[in-house]
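Chains as they are written, first to last, in this note's numbering: chain A, 1 to 292; chain B, 1 to 304; chain C, 1 to 370.
It should be emphasised that the hints constitute simulated quantities derived from the structure, not laboratory data. We put the beta carbon where it would ideally sit given N, CA and C, even for glycine. Be aware that one or more of the hints could be misleading.
To be verified - Cut-off 20 Å, straight-line C-alpha distance, at most; resulting in silico cross-link-like pairs (EDC-like, lysine to aspartate or glutamate):
#: 1; chain 1: C; residue 1: Lys-228; chain 2: C; residue 2: Glu-358
#: 2; chain 1: B; residue 1: Lys-298; chain 2: A; residue 2: Asp-149
#: 3; chain 1: B; residue 1: Lys-36; chain 2: B; residue 2: Asp-49
#: 4; chain 1: C; residue 1: Lys-99; chain 2: A; residue 2: Glu-72
#: 5; chain 1: A; residue 1: Lys-26; chain 2: B; residue 2: Glu-99
To be verified - Examples of chain A residues toward chain C, derived with CB under 10 Å:
#: 6; residue: Pro-181
#: 7; residue: Asp-185
#: 8; residue: Leu-275
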Amino acid sequence: MTDVAINRSTVKRRKRGLARKHSPVKTAAALVLAALLVFFFASPVVWIYWASFKPSASLIGTGTQGLVFTFENYKNVWKNDFGRFMFNSLFICGISVIISTSVAVCASYVLSRYRFAYKKWLFGFLVLTQTFPWIVMMTPLFIMFANLDLINNHFALMFCYVTITLPFSIYLMVGYLEALPRDLDEAALMDGCSRFQTLRHIILPLLAPGIVATATYSFLLMWTEFLLAIALLTKTSLKTLPLGLALFFGEETVDWGAVMAASALTTLPALLLFLPVQSRLVAGLSAGSVKG
Amino acid sequence: MLSYSKDQRKFVLLMLLPAFGMTAAFFLWPTIYNIKNSFTDLSLLGLRDGGRWIGLDNYIELFNDSDFKKVVFNTLFWLTFVSVSIRLVLGFAIALFIESQLVRRLRLTVPLRMAALLPWATPDIVAVTVWKQIFDGRTGAINNKLVEWGFIDQPIVFLGDPSYVWPSVITIIVWNGLPIIVLTMAAALQTVPRDLYEAADIDGANSWIKFWHVTFPHALPALAVLGLLTTIWTFNNFIYVWMSTSAGPGTFSNVLATEVYLQAFVNFKLGLSSAIGTFMAALALVFGIIYFRYVVTKRFGGLM
Amino acid sequence: MESAILTSKYPALELKNVEKRFDSFVALQGLSFSVPQGAFVAIVGPSGCGKSTLLRLIAGLEATTDGEIWLDSEDVTEASAGERGLAMVFQSYALYPHKTVRENMAFSLKIAKRPKAEIESRVAEAARALQLEALLDRLPKQLSGGQRQRVAIGRAIVRKPKVFLFDEPLSNLDAALRAETRVELAELHQRLAATMIYVTHDQVEAMTLADQIIILNAGEIQQMGTPKELYSEPKNAFVAGFIGSPKMNFVSGAIRDATFESADLSISGLGQFASGASTLGVRPESLMLAEKDKGIGQIEVSIVEYLGDESVIHGRLGDGTPIILREKGSVEFNTGDRVSIDIESIDALHFFSPESGERIVPSPKSPSRG
Chain A
1 MTDVAINRST VKRRKRGLAR KHSPVKTAAA LVLAALLVFF FASPVVWIYW
51 ASFKPSASLI GTGTQGLVFT FENYKNVWKN DFGRFMFNSL FICGISVIIS
101 TSVAVCASYV LSRYRFAYKK WLFGFLVLTQ TFPWIVMMTP LFIMFANLDL
151 INNHFALMFC YVTITLPFSI YLMVGYLEAL PRDLDEAALM DGCSRFQTLR
201 HIILPLLAPG IVATATYSFL LMWTEFLLAI ALLTKTSLKT LPLGLALFFG
251 EETVDWGAVM AASALTTLPA LLLFLPVQSR LVAGLSAGSV KG
Chain B
1 MLSYSKDQRK FVLLMLLPAF GMTAAFFLWP TIYNIKNSFT DLSLLGLRDG
51 GRWIGLDNYI ELFNDSDFKK VVFNTLFWLT FVSVSIRLVL GFAIALFIES
101 QLVRRLRLTV PLRMAALLPW ATPDIVAVTV WKQIFDGRTG AINNKLVEWG
151 FIDQPIVFLG DPSYVWPSVI TIIVWNGLPI IVLTMAAALQ TVPRDLYEAA
201 DIDGANSWIK FWHVTFPHAL PALAVLGLLT TIWTFNNFIY VWMSTSAGPG
251 TFSNVLATEV YLQAFVNFKL GLSSAIGTFM AALALVFGII YFRYVVTKRF
301 GGLM
Chain C
1 MESAILTSKY PALELKNVEK RFDSFVALQG LSFSVPQGAF VAIVGPSGCG
51 KSTLLRLIAG LEATTDGEIW LDSEDVTEAS AGERGLAMVF QSYALYPHKT
101 VRENMAFSLK IAKRPKAEIE SRVAEAARAL QLEALLDRLP KQLSGGQRQR
151 VAIGRAIVRK PKVFLFDEPL SNLDAALRAE TRVELAELHQ RLAATMIYVT
201 HDQVEAMTLA DQIIILNAGE IQQMGTPKEL YSEPKNAFVA GFIGSPKMNF
251 VSGAIRDATF ESADLSISGL GQFASGASTL GVRPESLMLA EKDKGIGQIE
301 VSIVEYLGDE SVIHGRLGDG TPIILREKGS VEFNTGDRVS IDIESIDALH
351 FFSPESGERI VPSPKSPSRG
């Protein structure tokens with residue numbers, strides 16, 4: 001009994017001792033700083049969603065202020081083909097992600113598991129494509145696709161999206177593959193698997209979380225891609241979400257309500273997809289493998 | 001690692017071909033074409049006729065042009081150096097704060113991390129869009145409050161006034177790009193072995209010494225990698241400047257990426273645009289080679 | 001097929017002049033040996049000697065640079081790992097983490113498209129033999145180290161391979177479990193009467209398990225022979241030093257007029273050895289304590305390890321050469337004590353050429369003690 005009592009009191013004392021290490025001033029300062037940080041990070045995002053439900057007039061200070069909520073903005077963007085843009089984006093990004101990820105799995109498996117000449121050059125090439133300024137390719141690509149009569153062609157954009165996501169998908173995937181012991185491949189080979197069977201039965205199931213993270217990241221990159229889309233798609237009905245969003249900035253007047261609703265619709269899928277994979281991306285990033 | 005024998009060559013080639021065939025077609029061809037165009041006076045309006053070979057004239061024009069010097073300065077100093085430095089310093093400081101014992105005891109670590117995720121998950125064009133609204137001269141939230149609180153009489157056109165435009169653009173970039181530094185550095189800080197701190201405690205080290213001798217050396221590699229990557233991404237970025245200011249007011253906030261676009265699609269001078277692009281790509285190549293030598297080779301050196 | 005293995009007139013495995021280079025680095029050079037049907041062969045050597053590479057060449061996980069590998073009557077040099085019909089137990093066990101114990105064991109048969117009933121009965125048989133029946137539906141991460149090790153062996157047994165390959169299979173187990181599993185492996189070899197090739201860096205494992213031991217160093221075979229041969233007739237100083245624990249003592253000196261003389265030791269009566277500079281090799285168990293000022297010389301005791309049934313005395317000769325000797329029971333020495341030592345018999349002495357390290361073979365004259 002006494003033993004227990006003594007233990008408890010020492011625990012208490014220790015706890016109090018630790019708490020005392022931080023003065024009330026410090027604690028208050030930390031609370032204020034934390035509040036400021038949360039405000040800085042979160043308020044613009046909160047503002048997007050808040051403003052998307054407000055009447056446009058109230059955003060420019062002319063209409064009724066106060067707690068008025070409306071779906072008017074969403075109806076508005078929907079009327080202006082936003083559903084179409086969303087479908088285009090889903091279609092283009094969905095198919096591109098499947099192709100890009102499959103091609104990346106194949107290449108990264110070989111890069112990770114086989115010895116062959118010039119591998120260093122392949123890695124170097126991948127890295128340089130990642131650090132290459134895409135804006136520089138706009139003109140040549142535009143001319144190339146114009147000559148092939150592929151402007152306003154979704155498949156041309158898909159080709160671009162597969163290719164721009166390939167280098168870092170491969171890079172990311174090689175990282176995940178390096179975490180899988182080579183003994184497993186070799187055990188499978190000893191068990192009589194062909195190389196494809198090893199990939200199919202052993203590597204793919206174990207790589208699944210990495211594949212999901214990579215695919216999500218590729219998807220997000222394509223989902224928000226603006227440059228290539230604006231160069232290759234000129235017909236309104238073919239445009240993707242980011243282009244659609246830009247359409248709501250008129251030359252003279254801006255319908256902020258509609259812009260916010262469009263922003264909200266563009267961001268939401270990104271937010272929902274991003275949260276589950278972010279810790280994996282953080283891990284890959286400190287090793288220098290992801291494009292932000 | 002599996003060895004390489006004759007019958008594996010086919011498998012290796014088959015697996016690599018789609019990826020590298022596509023990337024090569026996508027990157028190499030435009031690059032070569034771009035370099036070729038940079039020696040011509042090709043115009044967007046005269047695409048069919050092709051350009052005339054004018055040798056190094058485009059490059060000579062660029063390097064004699066004081067406006068172009070300003071574009072290079074804007075790109076290297078404002079867009080890249082200032083915004084990257086702010087992000088690295090602030091990001092590391094915030095990461096230290098988030099992972100500090102005090103914040104952990106107050107149970108604020110997770111809420112702060114969640115808040116930081118929001119800007120990261122926001123696409124760059126949306127980030128620019130919402131900040132444009134916040135900065136708006138007539139209706140923006142900041143102007144409203146500043147006027148309301150009596151700090152200013154006239155609203156400030158943040159993105160249209162030369163004295164405010166770079167700080168405003170950099171604010172947008174920092175908001176969007178700070179969280180990646182904060183969260184990655186926070187993750188890196190968690191990997192500092194606890195017993196190093198305990199050993200330092202036993203040696204009687206104060207928190208300043210612990211920071212410089214334990215925390216900082218441990219976090220430095222991650223910070224260096226992030227710094228390099230952020231530099232490359234920002235240097236190459238077109239969206240932030242183009243969407244927020246369209247390189248304006250006038251060409252005040254013009255950077256290399258927007259200049260490539262302006263010369264090609266506004267002035268129709270494809271040849272000149274290609275020369276600027278080639279110059280830009282050459283600078284990016286330097287960053288890329290540094291990145292390859294010091295990051296990739298270190299990480300995957302065993303594979304190569 | 002399985003019965004043919006035991007009656008085959010061919011060796012189970014034969015290597016002919018096998019060489020392996022990685023770029024310019026020569027990992028293995030001129031390896032030739034053959035393994036009889038049903039033998040248990042251990043490949044030992046220090047880390048980096050090429051023993052794992054050798055096993056991987058046999059397995060087909062690594063291609064040879066030169067030479068031939070034969071399994072039974074077939075040249076398999078160009079065959080892939082799967083085609084060779086071998087089974088391997090990996091150091092890390094390499095169990096498929098996403099498959100249950102049952103699926104792990106059945107996987108090779110499934111890939112080979114064996115009938116379901118056959119797969120089930122073979123898995124059940126192996127599970128019974130290794131007492132894994134209760135664990136069949138667990139995932140590898142739910143097993144202890146020892147259980148994982150048994151599953152890895154089970155996965156090999158199920159295939160009924162021509163040859164079992166083991167890559168340091170016990171190195172991840174704790175000492176007690178390692179000793180236990182060693183006995184189980186020996187029993188398994190008896191029961192299956194299968195050919196086994198076993199790579200280890202632990203010479204005790206090799207000595208206790210193997211019929212034949214191959215000692216590898218720097219990519220070359222130093223010696224192949226039975227444990228007894230390696231112990232009593234080591235070909236060179238490397239083998240002599242590698243086999244036996246504690247290690248053999250080496251003292252450099254010279255033989256002159258049938259007497260070995262070093263700075264501190266003197267052994268006479270060595271008529272069967274040619275004169276010349278030579279290194280004496282004597283095992284700790286062949287040394288004994290002698291009465292004061294008798295024996296072959298003196299050592300200064302540095303430390304005594306008491307092991308219960310015996311004591312291991314570590315000391316130094318006057319010139320600093322370390323000497324270890326084993327003595328039954330306990331001894332009462334302090335650090336710094338000077339004690340006289342003697343040899344048990346001249347037959348227990350080895351002499352090596354200081355240049356080549358080769359053992360100097362005594363002339364067949366009947367040995368006489370001086």
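Do the hints match the structure? See the list:
Restraint check: the Cα-Cα separation between Lys-228/C and Glu-358/C comes to about 18 Å, which is no more than 20 Å; the hinted pair holds. For the given pair, Lys-298/B sits about 44 Å from Asp-149/A by alpha-carbon distance, which is inconsistent with the 20 Å threshold. For the hint linking Lys-36/B to Asp-49/B, the alpha-carbon distance of about 15 Å falls within 20 Å, and the restraint holds. Between the alpha carbons of Lys-99/C and Glu-72/A the distance comes to roughly 54 Å, so the proposed pair goes past 20 Å and is violated.
Distance hint between Lys-26/A and Glu-99/B is fulfilled; the C-alpha atoms sit about 15 Å from each other, no more than 20 Å. Interface restraint check for Pro-181/A: the shortest CB-CB distance to chain C comes to about 6 Å, inside 10 Å, so the restraint holds. Contact between Asp-185/A and chain C, as hinted, is supported at the beta carbon level, the nearest pair being about 9 Å apart and thus within 10 Å. The interface hint given for Leu-275/A is violated, since its Cβ lies 25 Å from the closest Cβ of chain C, which is over the 10 Å cut-off.
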